[in-house]
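Engineer: For reference, the chains in residue letters:
2 protein chains.
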Amino acid sequence: MIEGMGADLRRLLRAGPGGVELAAVDPRSRPGLTAEQGKQWARERRSELGRELARQQEMLFASAKTAAPGSAAARRRVLLVLQGMDCSGKGGTVRRVVGAMNPIGLRVTAFGPPTEQERERHFLWRVARALPSAGQVGVFDRSHYEDVLIARVRQLVPESVWRGRYDEINQWESELVAGGVTIVKVMLHLSYREQTERLAARLANPAKHWKLDPSDLDERTRWGDYQEAYAELLARCSTDAAPWYVVPADRKWYRDWAVTELLLATCRDLGLRYPPATVDVAEFQRRLAATAQWGTGPGKG
Amino acid sequence: MIEGMGADLRRLLRAGPGGVELAAVDPRSRPGLTAEQGKQWARERRSELGRELARQQEMLFASAKTAAPGSAAARRRVLLVLQGMDCSGKGGTVRRVVGAMNPIGLRVTAFGPPTEQERERHFLWRVARALPSAGQVGVFDRSHYEDVLIARVRQLVPESVWRGRYDEINQWESELVAGGVTIVKVMLHLSYREQTERLAARLANPAKHWKLDPSDLDERTRWGDYQEAYAELLARCSTDAAPWYVVPADRKWYRDWAVTELLLATCRDLGLRYPPATVDVAEFQRRLAATAQWGTGPGKG
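Just so you know, the sequences run in chain order A and B.
Numbers 1 to 301, taken from UniProt numbering, label the letters of the first sequence in order.
Numbers 1 to 301, taken from UniProt numbering, label the letters of the second sequence in order.
If you're looking for bench data, these hints aren't it; they were derived computationally from the structure.
One thing to keep in mind: the hints can contain errors.
It does not matter which identical chain is meant; a pair holds if it fits inside one copy or across any two.
Stated by the list, open to error - Straight-line alpha carbon distances no greater than 25 Å define the calculated DSS-like cross-link-like pairs of lysine-lysine that follow:
# : residue 1 : residue 2
1 : LYS39     : LYS65
2 : LYS252    : LYS39
3 : LYS211    : LYS252
Small disclaimer: the values here were computed from a predicted structure and weren't measured.
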């Protein structure tokens with residue numbers, strides 16, 4: 001079994017109950033790593049940790065599948081919430097960190113601007129529908145937190161409405177946790193300068209032109225407002241039940257390594273095991289041996 | 001761009017309109033490969049092809065996202081249907097072949113025995129609900145074909161019912177195809193002997209004991225009946241609109257390589273491209289340059 005440093009990293013990156021002074025967190029910093037632990041080290045490490053993450057995911061899946069109906073293990077699931085400004089690497093994190101797991105046990109949902117149908121419902125309706133099933137790892141690429149981010153910055157709803165959402169979110173998340181969902185929330189903390197460079201790189205690559213959206217530039221002009229909105233949700237919604245982590249995201253290799261460690265540490269806390277057989281192994285063995293010789297039917301190798 | 005040999009392989013593995021004599025297909029054979037192209041070659045090749053598959057998937061996603069509403073491209077999606085006896089490697093194929101793609105563009109569903117709710121509905125109800133969205137690649141690990149496999153072998157419904165399902169399936173699949181779904185159906189063709197060995201390997205590995213199911217052994221005793229049931233569905237449901245391929249599956253590396261080639265060839269037939277920008281690139285560039293210097297707000301790197 002590969003040991004991660006996830007527990008320490010959680011302490012280093014956790015947004016405390018009082019929140020985080022975002023301006024004091026350098027998006028190019030690399031908390032938890034020594035000077036020698038650079039890009040190559042982190043990539044190799046993430047690759048190892050990814051295999052362990054896949055193992056944890058399999059144990060989660062197996063446990064839920066074999067657990068007694070109604071038991072805690074039968075309801076257990078994990079939810080990773082990713083938030084961050086445009087170009088902060090939510091998509092890349094899904095591809096490289098989440099991509100290390102088995103697709104069969106994943107439920108990944110990207111949330112764009114709400115559809116008309118979604119706008120008619122409570123803001124938690126669409127995310128509730130996208131929750132992972134028991135035994136699955138769910139991933140939200142953007143989430144209900146947009147409803148206290150763009151909704152606040154762009155005044156899509158009155159202030160009294162978005163102000164009330166922090167408590168609504170905390171209440172909902174604590175119900176999920178009580179229902180067996182383990183929640184990890186990650187803010188990918190990008191610098192304005194790095195966003196500029198990534199947008200310029202998109203412009204330079206025709207294969208990425210489809211990603212260009214004029215709203216990217218509009219939201220950029222509200223950078224300070226967004227940082228404020230992030231600071232408040234980190235202060236209000238980083239609960240013990242569902243903590244927020246701030247991951248410096250200017251370096252992609254750091255971001256991928258750190259999110260892998262956070263997710264892995266979270267899974268490890270569940271104390272997962274491969275469940276024992278639900279059948280009598282000796283009897284299964286005997287029956288298998290008894291049928292091993294069948295050898296004349298159609299389609300035999 | 002990496003050239004695959006998918007087109008040739010499709011010809012080699014395709015179940016013709018008249019079906020396939022399964023007994024004549026050696027599950028250890030490796031159609032399409034020379035004697036020199038063995039395990040190592042196939043693994044390296046699959047890894048290269050996997051990157052190309054991910055690129056195709058991204059173009060599919062991008063095309064659907066940027067296409068004019070109601071256009072053909074806006075509805076386009078791909079569905080991979082995997083069938084095969086227990087231990088034939090449906091799960092391994094999902095992990096290694098499908099796992100090469102980006103989880104955000106995937107919808108993978110494993111179908112077990114129908115729930116009570118599902119049994120009350122038409123047999124196509126649950127699969128219809130699991131179809132990929134536009135721009136996604138969907139994967140069925142088992143499928144509606146169980147309704148002419150176990151349902152037939154175990155007489156879960158009267159013969160007149162399952163006999164009618166071949167036409168129902170063809171009709172439904174042709175409607176899907178007309179609606180923009182490209183369907184690839186793969187039967188993983190395993191030998192009885194290899195299944196014996198894989199079940200024995202499961203028994204020997206406590207981390208795999210949770211997978212043991214007494215029904216695995218029960219179904220084994222009906223091996224010949226299942227081969228017959230497969231032969232009939234291959235004969236009845238391998239249409240030009242939604243062809244079946246029979247992939248020899250005793251060698252895992254062959255199976256993974258072959259399914260990757262089949263899926264990739266299918267994607268390539270769609271003639272996907274990265275769509276052009278939906279914005280004025282020069283104008284975007286100008287606005288980006290104009291905002292590049294903003295540099296004193298909070299949270300800046």
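Engineer: None of the hints should be skipped; say for each whether it holds.
Structural biologist: Hint check:
no.: 1; hint: LYS39 - LYS65; verdict: neither (38 Å within a copy, 33 Å between copies)
no.: 2; hint: LYS252 - LYS39; verdict: within (9 Å within a copy, 33 Å between copies)
no.: 3; hint: LYS211 - LYS252; verdict: within (19 Å within a copy, 37 Å between copies)
Going through the hint list in order, the structure does not satisfy hint 1, though it satisfies all others.
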